[in-house]
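Now for the letters of each chain:
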Amino acid sequence: MKNRPYPLYEHREFHTLKELVCRQAKEKAEQTAFFYSKGKETLIEKSYCTFKNEIDALGTYLLEQNHRNEKIAIIGENCYEWLLAFMAVVNSGNVAVAIDRELPADRILQLVQYADCKAVIYSLQYADVGGQISNEMTGLPMADFPSYLVKGQVSIDFGSTIFVSEQIEEDKPAAIFFTSGTTGESKGVVLSHKNLCFNVYSASKNVVLHGSTISVLPYHHSFGLVAGVLAVFHYGFPVFINQSLKRLLPEMSLAKPQNTFLVPLFVETFYRQIWDAAEKSGRDVLLKSLMKVSNILLKLGIDLRKKLFSSVHQVFGGCLECIVCGGAPLDEKYIKAFRSWGIMLLNGYGITECSPVVSVNRNHYWRDKSVGQVLCGCQVKIGEDGEVLVKGDNVMLGYYKNETGGFLQDGWYATGDLGYVDKDNFLFLTGRKKNLIILSNGENVSPEELEQEIIRDDAVAEAVVYDKAHVLTVQIYPRESYMGKQEYFEKLIQKINRKQPIYKRINQVILREREFEKSTTKKILRQMIQ
Amino acid sequence: MFEKVKEILQEYTEAEDIVITIESELASDLGLSSLDLVNIVVAFEEEFDVEVPDRDIWKFHIVKDIVEWLERYT
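These protein sequences, in sequence, are chains A and B.
Residues in the first sequence are numbered from 1 upward in steps of one, following this note's numbering.
Residues in the second sequence are numbered from 531 upward in steps of one, following this note's numbering.
Incorrect hints may appear among the rest.
Using 27 angstroms as the maximum straight-line C-alpha spacing, the simulated DSSO-like pairs for lysine-lysine come out as follows [stated by the list, open to error]:
#1 A/K518 <-> A/K468
#2 A/K246 <-> A/K38
#3 A/K307 <-> A/K28
#4 A/K205 <-> A/K336
#5 A/K369 <-> A/K401
#6 A/K38 <-> B/K534
#7 B/K589 <-> A/K40
#8 A/K151 <-> B/K534
#9 A/K26 <-> A/K172
#10 A/K518 <-> A/K434
#11 A/K423 <-> A/K369
#12 B/K589 <-> A/K38
#13 A/K280 <-> B/K534
#14 A/K292 <-> A/K333
#15 B/K594 <-> A/K288
#16 B/K594 <-> A/K246
#17 B/K534 <-> A/K246
#18 B/K589 <-> A/K518
#19 A/K28 <-> A/K194
#20 A/K280 <-> B/K536
#21 A/K468 <-> A/K504
#22 B/K594 <-> A/K523
#23 B/K534 <-> A/K523
#24 A/K288 <-> A/K495
#25 B/K589 <-> A/K187
#26 B/K589 <-> A/K246
No lab work stands behind these hints, which were simulated from the structure alone.
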């Protein structure tokens, strides 16, 4: 396990998702592209060739039903039919509108209207949504896919080339993903085939995966779909589709994945569960000692991690080697712990507007505090105020109904994140621009930078640093057993202050009795803090 | 029903002395993440021999939501 620069992985370029599907069907034909469980006993496998044939049939059906140049919403849990729908829609020249499955029915209908969708594809769980769509829209239940596939296939058998001959323009919109900020206002991010293909291609140059991957993150999130499914499809390895988080652990045992793509919430939860289980069985001290010993042995070139931490590996099915993590900041303690256990945790940075990956640590070249090396072909520069600016083929066409939103005059996309890039092209994030505290002396303080330090203490559940009447203040929501222990937290802040320049020192510590208010995406609502 | 629900929730909340009421908010009062909630629902499914659709899980905000769902479907 070396940590040093090495050449980027080589891949062949592709410019549309149709090209990718055709190429993989030709070269991987009968190999498994997707597999998933149906009921408790049955495992369904879909080869690359079957996937292409079913896309062709469904795409033919859509075009023959005059769904052409339309926006078509897709709503449902993660499932094979979701992926089939997405590919049939984007490869027939239509635009797939990915809808958040956690939204209530009325909000789903609002977004469908806002995106001017002419059809809605929905899974059985969302039959009520299908029943409420307006008369101008067509409802296409996934439950009816078998009959659509038969109809499309019959047309193909009788010589229809309506779908396969449909030319896809790489610069035209392919998909719309909605982002939700802390203000609660959703914005539709319009991505082209080129955006999606370039992102898969360039991210694959940084990271390589081998073996099967379990896809866990929702497909209406660009990270879950583009990285968690399309990139793996591009590598040519099978994707196990976890259709419900309730079955995640048993399905890990069933699928025995070597890779997965996660957001920090999952990593943190797994980490906590592993330590909780160790504590309950009285083996936490042993686990800590083994980690120390293993790390020393590793430096000597002896890798016993699979044996020493087999109980940890069993949680993930026994074969997990790599987790690619993105979507929110991740403390380095998780990266180090997973590495000690023999699971590589590659932290990355992405935003939907960049399709989504901007940077990711590499299999054999990483920095634990960094969100990775900037992708080849994607330019990152730091604005005068420290904001991370991005340009490249992965940057969106624009927001739906607000094409220029988010872009600076010279075409750079302003991410709203603050950071810097080191001499080796590793990107480091320090906070959010909108949270930046500008002190009366003109100095800038990124609250997240200090919060990260504070949260590292086990007594702290949540912390927010803010400017309270020109006094740099922290509000802390302590863990239950530390409630009201003002002195403990005063001392903690004093300790952290010692490492900071004067202007970054926190002057007031307020303890909370309740958790901070949060948005629907579980982000703390900073504007509510007084 | 509430007592059984409370018992299962108690196992998953970090602190033993936390007071769980019918109006307790799952996230802010009990400190549960969305992933914790999924795990708890799995425990409910085993205990009450029911299957909670994923979509209903997202609708659980307070303890009462769970109790009412279970009273309706068990």
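How the hints compare with the structure:
With a C-alpha separation of about 20 angstroms, the suggested pair A/K518 and A/K468 falls inside the 27 angstroms cut-off, and the hint holds. About 14 angstroms separates the Cα atoms of A/K246 and A/K38, which keeps this hinted pair within 27 angstroms; it holds. Our distance criterion of 27 angstroms between C-alpha atoms is broken by A/K307 and A/K28, whose separation comes to about 34 angstroms. A threshold of 27 angstroms between alpha carbons decides the hint, and for A/K205 with A/K336 the separation of about 24 angstroms falls inside it, so the pair holds.
With a C-alpha separation of about 37 angstroms, the suggested pairing of A/K369 with A/K401 is violated against the 27 angstroms cut-off. Between the alpha carbons of A/K38 and B/K534 the distance comes to roughly 31 angstroms, so the proposed pair goes past 27 angstroms and is violated. A C-alpha spacing of about 26 angstroms is found between B/K589 and A/K40, which places the hinted pair at or below 27 angstroms, so the restraint holds. Straight-line distance between C-alpha atoms of A/K151 and B/K534 comes to about 51 angstroms, which puts the hinted pair past the 27 angstroms bound.
Our distance criterion of 27 angstroms between C-alpha atoms is met by A/K26 and A/K172, whose separation comes to about 25 angstroms. Between A/K518 and A/K434, the direct Cα distance comes to roughly 17 angstroms. Compliance with the 27 angstroms bound is thereby established for this hinted pair. About 15 angstroms separates the Cα atoms of A/K423 and A/K369, which keeps this hinted pair within 27 angstroms; it holds. As the CA atoms of B/K589 and A/K38 are separated by approximately 25 angstroms, the hinted pair is consistent with the 27 angstroms bound.
Distance restraint check for A/K280 and B/K534: the Cα-Cα separation of roughly 23 angstroms lies within the 27 angstroms cut-off, and the hinted pair is therefore satisfied. Restraint check: the Cα-Cα separation between A/K292 and A/K333 comes to about 14 angstroms, which is no more than 27 angstroms; the hinted pair holds. For the hint linking B/K594 to A/K288, the alpha-carbon distance of about 40 angstroms lies beyond 27 angstroms, and the restraint is violated. The hinted pair formed by B/K594 and A/K246 meets the criterion: a straight-line CA distance of about 21 angstroms does not exceed 27 angstroms.
For the hint linking B/K534 to A/K246, the alpha-carbon distance of about 20 angstroms falls within 27 angstroms, and the restraint holds. With a C-alpha separation of about 16 angstroms, the suggested pairing of B/K589 with A/K518 holds against the 27 angstroms cut-off. Among the hinted pairs, A/K28 with A/K194 is consistent with the structure: their alpha-carbon atoms are about 23 angstroms apart, no more than 27 angstroms. A hinted pair counts as satisfied when its Cα atoms are at most 27 angstroms apart, and A/K280 with B/K536 qualifies at roughly 21 angstroms.
Straight-line distance between C-alpha atoms of A/K468 and A/K504 comes to about 14 angstroms, which keeps the hinted pair within the 27 angstroms bound. A C-alpha spacing of about 24 angstroms is found between B/K594 and A/K523, which places the hinted pair at or below 27 angstroms, so the restraint holds. Between B/K534 and A/K523 the alpha-carbon distance is near 31 angstroms, which puts this suggested pair outside the 27 angstroms criterion. Taking the CA atoms of A/K288 and A/K495, the gap is about 25 angstroms. The hint holds against a cut of 27 angstroms.
At roughly 23 angstroms between alpha-carbon atoms, B/K589 and A/K187 fall within 27 angstroms of each other, so this suggested pair holds. Between B/K589 and A/K246, the direct Cα distance comes to roughly 15 angstroms. Compliance with the 27 angstroms bound is thereby established for this hinted pair.
The structure does not agree with the numbered hints 3, 5, 6, 8, 15, 23 stated previously, though it agrees with the rest.
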